[in-house]
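Enquirer: Hey, can you work out the whole structure from these sequences and the hints?
Line by line, the protein sequences are chains A and B.
Using our numbering, read the first sequence as starting at 1 and increasing by one per residue.
Using our numbering, read the second sequence as starting at 1001 and increasing by one per residue.
Derived from the structure by calculation, the hints contain no laboratory data.
Mixed in with the good hints, there may be bad ones.
The list that follows gives simulated cross-link-like pairs (lysine-lysine, PhoX-like), each with its CA atoms no further than 25 Å apart [unchecked claim]:
1) A:K86 - B:K1058
2) B:K1058 - A:K311
3) A:K94 - A:K311
4) B:K1031 - A:K94
5) B:K1049 - B:K1031
6) B:K1109 - B:K1058
7) B:K1031 - B:K1109
8) A:K351 - A:K86
9) A:K86 - B:K1031
10) B:K1058 - B:K1031
11) A:K311 - B:K1109
12) A:K94 - B:K1109
13) B:K1049 - B:K1109
Examples of chain B residues lying across from chain A (beta carbon under 10 Å, computed) [as the list claims (entries may be wrong)]:
14) T1007
15) G1008
16) F1014
17) K1031
18) G1040
19) T1042
20) E1044
Just so you know, these numbers come straight off a predicted model, no measurement behind them.
Glycine residues also receive a C-beta, built at the ideal position from the N, C-alpha and C atoms.
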Amino acid sequence: MSAREIPLGILYSVAGTYSLIGQACLDGARLGLEEVNGDPRYPFTFRAEIEDPGANIDRYHALSEAMLRERGCRHIIGTITSIGRKEVIPIIEKHDALLWYMCPYEGFECCENVIYTGACPNQHIVPLFRHLLPLYGKRVYLVGSNYIWGWETNRTARELVQASGGEVVGEKYLPFNALDVDRLIEDIRAQRADFVLNNLVGTSSYAFLAAYHDAARGDASFAPENRPVVSCNLTEAELDSIGPAAEGLISTAIYFDSPETPESQAFRQRVAERFGPDRRNSVYMVNTYIAVKLLAEAILACGSDEIEAVKDALFGLDLETPLGTTRIDRRTNHAVLRPYIGRAEADGRFKVIEAAPEPIAADPYLVDFDAREFGAEVNRRAGAHQGTGTLRVVK
Amino acid sequence: MTGGRPTGFPTPNFRGWRVAVLHRDDAAIQKLARQLERFGVTAEFAWPKLEVLAPDVKAVFFDGDSGYDGLFPWPAGHPPVPLIALMRSEAPGRLEWVLAQGISSHLVKPVQSTGVYSALVLASHSFAQTRRQQARIDDLTSRLRLRPEVVRAVLIVMRLGELDEDAAFACLRSAAMERRVSVEAFCANADEVVLRALLPRRGHRRHQGGGLSSL
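Expert: Spelled out as structure tokens, the structure:
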């Protein structure tokens, strides 16, 4: 029996604001493809149909349409922003195909033709703020790039702050690629925030973090131990572009390339062998790698790449991955994930400072979120921290 | 509001809601039920007629393409809960019928995952807003209807109390406020005896508003 070849669309932009994330996603997918195609356990190989929309939103539609219509793909792994994802979803629905979306996003979506393995709000901003508000205080400054990710993540942040009896002392947006951050820095200085939520992306974010770092030289309030800059989507993939300003940044992710876990070590080994010892491993690389593996396992289990069969098989899988055991929730099409809070260290890694006790199901519409309970928990934890006067480090 | 002035809009939550779906049960409509379930909402199907609206049903989705007079157990155009039309047809006659039912939002068929959440959010918001506006219109209409009663009472108080128009109205308004009713409602129920009791006794008469001199 000759091995079947299954076309697999891969759609990541490796140009523009998100180039580093796109490259990480693409390379993670490549690792997965090479592993599946080299493994005789699978009676099929993937034929990668890789396309780069080049940061041009108008190209997502045509490229995904071509993958599905002309190249026989039933599955596309891809898109980073919600704008990109929402361009592709109508095409995916029209062809009844499956989009594998791997990035953290703002939630409030649950499309039956999408598998979501990035974190949604109850797996990123909620645990991040549950950690931060009791430790640093409840005067919060929100910044973001002027589009839905920043708007919606900041809206949720505001709800969390208000539920805790805190105050949003500033909320400012910059256009994509804007580098003019001085007024932002001055406003943060004037408003005396306890911490800053950074939802800027790409070059704007790097410029902001550099200016914030510079400001700390003459004003200790900008030091990370006094007023940290935090985010829901900063990973190792971007640390090199941030340079020394990265130290002390706090982020949440469902994976940090933390040396403690053997799966993570093994994966880092593979990244180093394939892309060189200096290449950063990150949740983006891990997650696209996992997407290819999940798809391969589901096809192996059901014997087809037809999407209803694949979904059915997928929902029954418990796959061991660098994230631990990965499972997709049948109810929401979202992954069950364990959120971590990490602090960037001088060596360019994240140190895990808090971990959820166990993986949590995605709640994309925040159905089970209760603002009052959240506020009560924050204030309870704030009391506990005041009692001990120390920061409890959980691993 | 994001993408605009930040406000603090709380996340809409439909956990524990029950809704009725008046549509023939088929595979496509099950998608609606599955999506609702993801918001914590339970859907119950009824077709071809909703006999009775259970008291804890908080919204009704219905087939706008096949809906007909008598589909709902309430007077036409006066739904007690938000109504959401499911539409494929755009024929003006169908739109006319759907509009006459007093819908609060709609969804295009075949129902996709996208749109159900916003249809619920828009419908519950719009229904509540319409209710508030209707209550205000009812209140203003009834007050408008009672305006002649206010004029009558003002004239009586002016005469009995030897007050000017402004002072007489101020006297009536504070009496209404004390009784926690509108000026109109107070005036409608106040005869001359009641109105006289509002005024200071002779000899202690105070002139308010600086109008008429005593007779």
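Enquirer: Which numbered conditions among the earlier hints are violated in the structure presented, ordered from lowest to highest?
Expert: 1, 2, 8, 19, 20
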